[in-house]
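Chemist: Spelled out, the chains give:
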Amino acid sequence: MKEKKLLDALNEIEDEFINEAKPEMKKKGKIISFRWIVAAACFIVLVCVAVPLIQYLPSQLAPREEPTSSKEENITTKGEGIEATEESVTEIIFETEIQAETTAIDGVCDILEKDYWEKLDINQQYCYALFGKNTYDNTNTEISASHTGRKIADITAKGTDLYSKKTYTKDAEIFSVKSIDEDFAVAVKFKESSRYFVYINPVCNFETVGEIVEKLSLDKNLKVLDGLYREDDVSLTKYKSIDSSVVLDLLVNNKNLEELKEPAEILQSDVLFEISVPPVIPSAGNTVSVSKNGYLLVNIFYMQHIFFIGKEEANEFINSFLENHKGQKLVATTEQHIVYNGAKEDVFITEVYSNGYKP
Amino acid sequence: MEDREIVALYFERNEKAIEASEKKYGKYCFFIAHSILRNKEDSEECVNDTYIKAWNSIPPKKPEKLSTFLGKITRNLALDILEKKSAKKRGNNTLSVVLEELHECIPSPSSAENEVDQKFLTESLNCFVKTLSEENRKIFLQRYWYMMSVKEIAQQNDFTESKVKMSLMRTRENLRIFLEKEGVQI
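Chain order of the listed sequences is H and U. Using numbering that gives the first Met the number 0, read the first sequence as starting at 0 and increasing by one per residue. Using numbering that gives the first Met the number 0, read the second sequence as starting at 0 and increasing by one per residue.
Rather than coming from a laboratory, the hints here were simulated on the basis of the structure. Warning: the hint list may mix true and false statements.
Computed list of lysine-lysine pairs in DSS-like fashion (alpha-carbon distance at most 27 Å, straight line) [as the list claims (entries may be wrong)]:
1. U:Lys39 to U:Lys150
2. U:Lys26 to U:Lys64
3. H:Lys4 to U:Lys22
4. H:Lys4 to U:Lys84
Using C-beta positions, here's what the derived DEER-type ranges look like [claimed, not checked]:
5. H:Tyr115 to U:His102: 39 to 49 Å
6. H:Thr134 to U:Arg37: 32 to 42 Å
7. U:Lys162 to H:Leu129: 55 to 65 Å
8. U:Lys150 to H:Asp14: 25 to 35 Å
9. U:Glu40 to H:Asn139: 15 to 25 Å
10. H:Lys165 to U:Asp116: 53 to 63 Å
11. H:Leu129 to U:Lys150: 45 to 55 Å
Every residue, glycine too, gets a C-beta built ideally from N, C-alpha and C.
Looking at chain H on its own, in the form it has when it is part of the complex (with noise of 0.2 Å):
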């Protein structure tokens, strides 16, 4: 169809067209991503609810502040050989997310389904878990029985929902996960339910990259996925079947190492592995990657952990790793091709195997 061809050729009009015809959305009013209006959701409620809970509780917890403090002592003394034997019992407050964005707020509840409460999964409901001085979140990942450890705590868990304003209460219990430290993931389980689910602090600190090995037990649990060598800003080569020494390796070497808080540039990753940690983290998405300029990056669950190697040593493992691997070599052209959704490409890749490398 003509009109059709023009309507697509359209697409691919230049960048600078399209943004200068870019709608202002504050003029539009109507249209507002439904991220943005649970969020100002959320503000509402925690304007309407925290805020004089605030006022009103500290108060009353005044008197809960001792067996806090017996717990997180619990805790410390598990780390110097001692283990807990009696299950620690604390009361826990979950609570939906909260985005302090305050743009958006006329109408929300217009918009809200009134029964989205209903239709969210019950880790969903309850989606974050304070813990401690840790806050975990839900990771949408469950486990089974077999992979959870010792009960750590039972808890009461609190959810809003966010149509008609009302809180819930939830009793769960929290267990550990085997061999994952308690400071970067608890499986819970709500009553009435037999399912667990992992939730993740993430930010879990680690000092050095071999805590990253020890509380995820990357000898045990670390699978590679993928790996991926950018050559320059078009070629790639993709490596499958990568032995989990490899990166286990790299990682072991720099135990020693202390994460980077504040780096001064923006990092770019040379080698990259796709890394997973089941049953924690199942999924791709997490990567272990190396930059030719000398730095070590994993991230682990949203969150980027920076370590410098130095560059002679970065270079040589990428030098040593690309010898002793067979990728296939993915290049950009200019084809166009039919892909995802039927939606057309302009560029696209041609993948040439190099190496001896057979998918």
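Following the hints, complete the assembly by docking chain U onto the known chain H.
Modeler: Quick look at chain U alone, frame taken from chain H:
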């Protein structure tokens, strides 16, 4: 977060790239999708698919301007969804109205010898929009790129609807003449 930082996250296969894209451009992509699909659920799905497609495209692609890169993907996906829907149920939807309007821009068959490819057509369109005044170019792209209705364009720019209609009509006519002169056969 700067675009280059978000693109760097895509290169590192860090899922935070999607979160950052959504935070920075979710509203923009939703606007594009909704202008075409006029349906909240379909638009949300379309925007989510945009991130998946971006995830699968970067690397090797390294977009300089992430907003238009994501916007183009959203527009393509939304048009595709709409086309499929239209195939099932022909009706007075955005796509069919826009296509009807664009019919006026198609040069007569005798004006060129061969059909041009998409790339050449895009280049011709780029040349054409450069010849337009900023105001007419904006109206033209808001209608045929962002697929906004005449009413929305008028509200957005504080114009009357008749002014927008008149501008579009003249631009369509000028486009037809331009394509004929350039020997572009669609």
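Chemist: For each hint, tell me whether it holds in the structure or not.
Modeler: Here's how the hints hold up against the structure:
| no. | hint | result |
| --- | --- | --- |
| 1 | U:Lys39 to U:Lys150 | 19 Å, holds |
| 2 | U:Lys26 to U:Lys64 | 16 Å, holds |
| 3 | H:Lys4 to U:Lys22 | 32 Å, violated |
| 4 | H:Lys4 to U:Lys84 | 18 Å, holds |
| 5 | H:Tyr115 to U:His102: 39 to 49 Å | 43 Å, holds |
| 6 | H:Thr134 to U:Arg37: 32 to 42 Å | 39 Å, holds |
| 7 | U:Lys162 to H:Leu129: 55 to 65 Å | 56 Å, holds |
| 8 | U:Lys150 to H:Asp14: 25 to 35 Å | 27 Å, holds |
| 9 | U:Glu40 to H:Asn139: 15 to 25 Å | 21 Å, holds |
| 10 | H:Lys165 to U:Asp116: 53 to 63 Å | 59 Å, holds |
| 11 | H:Leu129 to U:Lys150: 45 to 55 Å | 48 Å, holds |
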